[in-house]
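Number of protein chains: 4
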Amino acid sequence: MAKLKVGIINVTGYAGVELARLLYRHPKVSLSSITGRSAAGQKLVNVFPHLAEIDMTIAAELGEVDLAFSAMPHKSSAEAIMPLVERGVRIIDMSADFRLKDGSEYPKWYDFTHPAPNLLRKAVYGLPEIHRDEIAKAGLVAIPGCYPTGALLALAPAVEEGIIHTDIIVDSKSGVSGAGRTLSLSTHYSEAVDNVCAYSVNGHRHLPEIVQELEALTNVSVSVTFLPHLVPMSRGILSSCYASLKQGTIGKKDEVIELYRHYYKGEPFVRVVDKPPETKQVWGSNFCLVYPVVDTRHNRLIVISCIDNLVKGAAGQAIQDMNIMLGFTETEGLEALPLYP
Amino acid sequence: MAKLKVGIINVTGYAGVELARLLYRHPKVSLSSITGRSAAGQKLVNVFPHLAEIDMTIAAELGEVDLAFSAMPHKSSAEAIMPLVERGVRIIDMSADFRLKDGSEYPKWYDFTHPAPNLLRKAVYGLPEIHRDEIAKAGLVAIPGCYPTGALLALAPAVEEGIIHTDIIVDSKSGVSGAGRTLSLSTHYSEAVDNVCAYSVNGHRHLPEIVQELEALTNVSVSVTFLPHLVPMSRGILSSCYASLKQGTIGKKDEVIELYRHYYKGEPFVRVVDKPPETKQVWGSNFCLVYPVVDTRHNRLIVISCIDNLVKGAAGQAIQDMNIMLGFTETEGLEALPLYP
Amino acid sequence: MAKLKVGIINVTGYAGVELARLLYRHPKVSLSSITGRSAAGQKLVNVFPHLAEIDMTIAAELGEVDLAFSAMPHKSSAEAIMPLVERGVRIIDMSADFRLKDGSEYPKWYDFTHPAPNLLRKAVYGLPEIHRDEIAKAGLVAIPGCYPTGALLALAPAVEEGIIHTDIIVDSKSGVSGAGRTLSLSTHYSEAVDNVCAYSVNGHRHLPEIVQELEALTNVSVSVTFLPHLVPMSRGILSSCYASLKQGTIGKKDEVIELYRHYYKGEPFVRVVDKPPETKQVWGSNFCLVYPVVDTRHNRLIVISCIDNLVKGAAGQAIQDMNIMLGFTETEGLEALPLYP
Amino acid sequence: MAKLKVGIINVTGYAGVELARLLYRHPKVSLSSITGRSAAGQKLVNVFPHLAEIDMTIAAELGEVDLAFSAMPHKSSAEAIMPLVERGVRIIDMSADFRLKDGSEYPKWYDFTHPAPNLLRKAVYGLPEIHRDEIAKAGLVAIPGCYPTGALLALAPAVEEGIIHTDIIVDSKSGVSGAGRTLSLSTHYSEAVDNVCAYSVNGHRHLPEIVQELEALTNVSVSVTFLPHLVPMSRGILSSCYASLKQGTIGKKDEVIELYRHYYKGEPFVRVVDKPPETKQVWGSNFCLVYPVVDTRHNRLIVISCIDNLVKGAAGQAIQDMNIMLGFTETEGLEALPLYP
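Residue numbers (this note's numbering), protein chains in the order written: chain A, 1 to 341; chain B, 1 to 341; chain C, 1 to 341; chain D, 1 to 341.
Honestly, the hints are just simulated from the structure, not real lab data.
These numbers were taken from a predicted model, which means no experiment stands behind them.
Please note that a few of the clues may not be correct.
Any copy will do: because identical chains look the same in the list, a pair fits if it lies in one copy or spans two.
Capping the alpha-carbon separation at 30 Å, the derived lysine-lysine pairs in DSS-like fashion look like this [as the list claims (entries may be wrong)]:
#	residue 1	residue 2
1	Lys265	Lys43
2	Lys108	Lys75
3	Lys265	Lys275
4	Lys108	Lys252
5	Lys5	Lys28
Bound conformation, chain A alone (with noise of 0.2 Å):
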């Protein structure tokens, strides 16, 4: 049987070659077309020397594809997108532009009105341990930001099962890869190394993706104070999250990790851990692992998660998500496990 072809927009960053190099060994589908802006018309191993066995020219325009993955920035890949959607390809968008359902986010967060505002409901939250079902029938699925990806993880259990209160804070450290291929001071290597900093303290982005998830979750508003900091490694994203355990939900300290392996029981990319995790566990992988653990002096939860922010918290959730649309089995593709040391 003929594989289906699958394309990318925009294979040019981080997240577009990640993508690329996962895509080529995938069993069941064939990369048969990739684009970029600045560099159309030169081969693909002449941008990126570490895919030399992928013999393709980056083209300009897309060719005719089964299903295309968008890694396009914030704004252009609504753009790129929606004429495609009306052919009727399916779309996985790895930017922002479809993961908000509420439009009127899209001017305050990211600048822009949003072109397309009635497929904002159509499109579904690439999750796959909240939205599988969803994700299975989509025509578009707008894949999760990296830190929500870890931070939804790590919460997920305890806001819906409704054991702490939905006062949280989320405090994550990001490898520098997360912001992306484009040339910056504060990623120039001499500033970026030997440095630990926070960012984005008046509200990262990806907080509203944050909230909007958690809150579908439960019936309840929640209060997330979001701060990212960038460590000196390329990969990986810990996130440390804190929240009060509502008096009388949980009795012992092992009832906690309890709850986190009874809800994601039979999950093949989460895996809850009884020690604290560390990034390089997971590098490469699309693994996330979550480690909840209990304050006993002061009744406080606290879970940890860590996730390679470009597998499981870009490149890596898409293919699951392809995977999942397409009927294939879930790990199909991402089966390599992590690189380590």
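Starting from the known structure of chain A, fit chains B, C and D onto it as the hints suggest.
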């Protein structure tokens, strides 16, 4: 006038060697004796080639000095210090042995019964910004832990001025030198690089110090959840502190910066900044950067502080205290500006 | 058809654990036995959380297998292997114990008298690009050292084709994982980060391998000065090799690239490139990039090669050899593209 | 006595800002003017928060100074300097514009025709260990490049004493700050971390400096192959230099160390060491460590040197030259010991 003689007990850890580096260039004292255990009898340069300028031999026993620094580990430090205190030598202890006022905390946190509980009351907690006057007169000063230094300088103004509810979260990110020079798997290069993890999730030894000092600032108890993280760099601690603002205390966003600036007015080493600070901005210096900001969505105070854990978090603070004890200008020997990039 | 059973002796070092990672996903063999010394009796996941997918217990003794990999240190490896060889188990040894043909080199370089000098002749040096046919028939294959792999692939074409004078300098830069998982001060994070140094300046143990194999390619002796350096990254070796071109052999600059391309034609894992390669371009993969260039000012050949020391320099090459020995496609289980960035 | 006034033209690069850091604490001069191009009009602290102690504004034009440092890029530097030279201001130029004696080299290596070839003869190459007396009297000093500083200090004794054949290989490993503060893909954090690569393989601009100065030490021509590599750390250069020993010049291994010690006797910043040096041992200091050793298998001299590229390789050397020019103690303002770890 002859310079005062100072000595370092156990020069061979990272805090000890940093003390030697700084004291050797101090204009008012003479580093006349250094001791080590396994390295006794060796030239300093053979163990620490970067200190080749210092032509000294590591001794087994401390020589005659006017003031001694102890860079021994906890428990051993108290044992080494007690006879010196009796002889009237002024002591600056970098271990935890005289930081806690309540002797019953030592078995709980450090697994030993304190050998000189009476000295705990006499010892002064050596954070100059809070205890300057007592330090000036002290015979025994306990240098604060690296994490407490950053956390206390971030929180003291808010706690003392009573603008926050005392349910506080301190999420700290430390470079690896804080774990010392003793070998361990978690500080093996291949394990620590490209990696972030939380540790001591059930309670880090620096927690009781933070609580003791915050409670001493006010007459209410505080609930602190403190979670330290290891990040891949050698020096630096960034602490992100979270607490709810009391209603009515802070009306406008800038007021909190003003309150902090007023609190630290005249402090030579604390700088209240109006942009998120970075650990690299204090690398190799005794500065502490403090950045208070309000999450106006939820009326939450966030305070971020940065220090170099080996300078303001250890050896530099020890010299600052020595300067105060000996009546020198407080910045003497600590003038070097941060190394960047 | 039942998969062949393979085992790993001493899985607990970095080469062993990398073997486990790769073998677990190999489609044609089944990893059925793993041993360790101090870790015997523990679940693999407890020692290596990144391998949580592999539900195996580390044993004290190897079970029944069709082929065994030894990841023991030198000397111990020979001892562990000898009885297996007698039982007819095919062996792939990652230690140095069967790399050198001349048994008298072992006391000089490795401080022990070889216990089975007769096996040295039977063992095959497992560099497929040079010894593929012998590997196919071998009962005992010695995986080349990480440095020799990079150096030999850089130099073999020039030496065998006789275009250079055999007075050769190899200046290698290695990531820290090459020093293994055993703790040492020089691989302590705070010491190794932000640092570059040369080591083994009086002769590194990998030198006799390089000389043995280069001399076997031609009938003249070679003079190799080999200087390894430690650089702050976990994986990768870049070797810069220098030799004078014989007059009249290479007329134009491009000829040397052509000669190299011809030499490595059809090799699945050696890629001759025309821009300076970077270690990151092979991270996590079995590729070796080779870049030959001429310093036309002085008619000097420079060849730069890059490998991942744990893959092509150890576990990946071992699997490549296994594939050859067992008649599988040579790339089986080694298809993963390099991880970047 | 009023301090002499000094200024920095283009303070905003890494060499400029390092100069500011060091000059601000220099006891004999006053940093009275700093200029920048795009940053003109801004407070220094706003561009470089680590220099908050220095309360200065970046100006568009240099004020009245007794001596000026230029940290402009090549070509622009000559243009900025020429009018100052005419006004009799003493100049220390950190660019390449006055390093080469032969004006015809500039079009070849730097792509511009030198605007003041007559000044090239008057300018002094500012390596104090070779040109101290000329520096003392100079009106215009050209600070050596970072690579030439390390390479020349490694090779000068051997070349001047005539113990080696002058067919020399210099393999250098540099931290990323050497590439400056200007953004580029190869110095983007995610690209440079976990990576080693060679660059400028067809000839680096620092080569003609190395050749010029080595040839000036003797009356024979030298053949230097120089290959620089980028390694993932911010500061430091380690150069490994290789050359064949002339027969009969060095009988025993220790003689070469003795020869080097004698050559550098009394030099305040060059330390001949007897163990392989590490770049971290000079971090933040003006020291150069030099380690000569003989590969006795092939009678080859290996010399390894380490510097901090921003101090001895740029700003520190500039201040050392200033001290010589102004008759100060040569170490004034450069006493800080290396920062470690």
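Consistency of the hints with the structure:
1. For the homomeric pair Lys265 and Lys43, the shortest alpha-carbon distance between copies (21 Å) is at most 30 Å, but the shortest distance inside one copy (44 Å) is not.
2. Taking the shortest Cα distances, Lys108 and Lys75 sit within 30 Å of each other inside one copy (13 Å), while across copies they are farther apart (46 Å).
3. Taking the closest pair of Cα atoms, Lys265 and Lys275 come within 30 Å of each other only inside a single copy of the chain (18 Å); across copies the shortest separation is 44 Å, beyond that limit.
4. Taking CA atoms no more than 30 Å apart as the test, Lys108 paired with Lys252 passes between copies only; the shortest distance there is 22 Å, against 43 Å inside one copy.
5. Both within a single protomer and between protomers do Lys5 and Lys28 lie at most 30 Å apart by alpha-carbon distance, with minima of 9 Å and 28 Å respectively.
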